[in-house]
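Taken in sequence, the protein lines are chains S and A.
Residue numbers are given in the working numbering: position 328 of the first sequence equals residue 328, and the series is strictly consecutive.
Each position in the second sequence, counted from 1, maps to that position plus 1000 in the working numbering.
To be clear, the hints were calculated from the coordinates, so they are not data collected in a lab.
We put the beta carbon where it would ideally sit given N, CA and C, even for glycine.
Just so you know, not all the hints are guaranteed correct.
[To be verified] EDC-like cross-link-like pairs, simulated, lysine to aspartate or glutamate; straight-line CA separation at most 20 Å:
1) A:K1126 to A:D1220
2) A:K1116 to S:E41
3) A:K1209 to S:E168
4) A:K1209 to S:D145
5) A:K1116 to S:D38
6) A:K1209 to S:D162
7) A:K1264 to A:E1282
8) A:K1262 to A:D1220
9) A:K1126 to S:E41
10) A:K1126 to S:E29
11) S:K18 to A:E1282
[As the list claims (entries may be wrong)] Coverage of chain A stretches by chain S, computed from C-beta distances (three or more under 8 Å per stretch; other residues unrestricted):
12) 1098-1109
13) 1124-1137
14) 1143-1149
15) 1234-1246
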Amino acid sequence: MVDRPGPSDAPRPALRLKSQKFREARQGEWRALSGQLDKAERQGLGSFSVDELLNLPVLYRSTMSSLSMAQSISLDRNMITYLQALCVRAYVYIYGPQTRLKDVLSGFFIHAWPNAVRKLAREMLLTFLVLIVGGVAGWLLCAFDSNWYNVLMPPDQAQGRDLGASVESLRKSMGGAEGHALSPFAVFLMTHNVRVAIMTFAMGAIFGLPTFAITLYTGITAGAMIWLFASKGLGYEFVAWLTIHGTTEFFALIIAAACGFHIARRLMFPGDATRRTALAEAGLLSGTAMIGVAIMLTVAGCLEGIGRQTITDSLWRILIGLVMLTVWSCYFLGVGRKAPADAFTGLAPATGEGG
Amino acid sequence: MARAAKAAKAAPKRDLVANASYGEIGRTTSDILTPEGVVLPFINATFGERIGALLIDMLIIVFVPIIVFIIWIALPIHVDFDKTHKALSSFVEILLLFFMFFIRSGYFIFFEMGPKAATPGKRLMKLRVISHDGGRLTPAAIFTRNALREVELYLPVTLIGVFLAGEKSGSAALAALWALALLLLPLFNKQHARLGDFLAGTRVVHMPKAALSYDLADLDGDRGLGISFTTEQLAYGEMELSVLEQVLRERKPAVMKAVADKIKTRIGWVEPQNPEDVPNDENFLRAYYGALRAHLESRMLLGRRRKDKHDGAV
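Kindly produce the complete structure, drawing on both the sequences and the hints.
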């Protein structure tokens, strides 16, 4: 392409740089790879024939080797930058998220999720203690002086569950629904809970302080509400009403807060790793657990929307709540212990840490 | 053979592609070692590009629900809809709730888990998310990097808004300052990564489509022009060579003249006696480019490289 006719008509050997000969010999492959990538990005790998499929890694490797060679023999900046861009494109395509959905799902449910939760055991214990302390504090404060209830649960947020409410209205607030099973209100609560969970987790990046505050406040309000219902003689019914979805929901919120504490801990005390690696590890671990939290909250939302509205017997409510608690505990404690390093997070599995 | 005619004949060949700039000078890269042992330079997204992509995404997030709402209002069925079709109306309500939830919390996650690993805003800015070590981009990483938006974007913007709206106490000022620092964190590291990127081990990179242009070196043609240089005259390094390449590909006459004059002064170029033989600026520069590249590449094969003109001669 660079031939200009020489001064004489006599044929002379073309004067070529090594890098030019290199380029001429190889540029066909580069263009072929570029074309295949265009096709793959537009139509997906499904449109490839078997030969094309087999040829793709060959083209990729030879282009990679071209780049490696070009960087050491050529100073043609356009060619090198073209090769770099092409290789970068090919690289993210070849090593990109090409896992099949089935593998992703089984990797997540069988290995990654329970392993991540097991690794958060210490943080979960901390969160659980904070929650209990908050609950006890909420109860004691209200038992000591009932005016505290209005401070902890401002009347505009209490949805009628305030100090002046009658026993009947309180009982009604826990009753079966009058509308449809899956009421929009339950969906609203579920999406709201997921957002609160994400917030609790993300706030961990501020040294865990907001996570701590949110957890403590959740405990205090729960304690205060239990006190209110108990003081009207409805304690058992209220706990039953809370248990059916609460075991799942509180479990999820504990994991979310534990994720927040985990990133806070790795941020402040990275241990032997550099802070950058520690953060990346913590992020992957807690990200996995948080996807699980979203799933758990969805389950809790269904229990709340369907189960709580249709099942009004307190014993059944408590029973279902306890069954859910057992199911989650067994799942997190037992599943995926013998797994190899999984594909979902790239993290090694937990080594015998109990939840 | 008349030189002018030859130049005219060669010109169309040389003017193939002008948009050959990629990996623009001055942009930083994150180097990733592939399993094949090749170092791949990923161009870091600039802060401006990231802001641009974010603004586009935010516009979508804000305006799509408004448009959906307007369409809902415009539909004639909504009058007494919730009374006449009770089940359907609560179903629609649930759909709307899920939709709002998706837009608010799932938008970024959904698009970044896709094959392009980029939201529409990022796609427009030619950005994409990669794993910082070049490994696979996992769903967990994408979830984390987007969950952290809560503390990096929504909370700071709220705090700064509160501060600007008149809450001028010391603690509000402190909170706003801290929020601003978190918001501007990408300005203070080379890869323009935000906190969520650090936590998820991801980076945002710029992925332009580069075109393979023609080879500028044309030793045969230059030999025909009869221009030659001594080794002492090839007194530049690789950096100057790439700048010269850019100048020659852009082909702006004023720039080419300035560069040619500068080189001629530096190397003590003596113009040929015969005015017919005086090459024009472009031909001179191309000949010089070819000679310099041949010189530097031949030394390069022996492992001796010259980074720029301040480097010792090879």
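The hints, checked one at a time:
1. A:K1126 to A:D1220: violated, 39 Å
2. A:K1116 to S:E41: OK: A:K1116 and S:E41 at ~9 Å, within 20 Å.
3. A:K1209 to S:E168: Cα-Cα ~69 Å, so violated.
4. A:K1209 to S:D145: violated, 69 Å
5. A:K1116 to S:D38: holds, 13 Å
6. A:K1209 to S:D162: violated, 63 Å
7. A:K1264 to A:E1282: Judged against 20 Å, a Cα distance of about 13 Å means the pair holds.
8. A:K1262 to A:D1220: violated, 25 Å
9. A:K1126 to S:E41: holds, 14 Å
10. A:K1126 to S:E29: This hinted pair is violated, its Cα atoms lying about 25 Å apart.
11. S:K18 to A:E1282: violated, 24 Å
12. 1098-1109: holds (count 5)
13. 1124-1137: Contact hint for the segment 1124-1137 of chain A vs chain S: holds, 7 residues under 8 Å.
14. 1143-1149: Coverage by chain S holds here, the residue count being 6 at a Cβ distance below 8 Å.
15. 1234-1246: holds (count 5)
The earlier numbered hints that this structure contradicts are 1, 3, 4, 6, 8, 10, 11.
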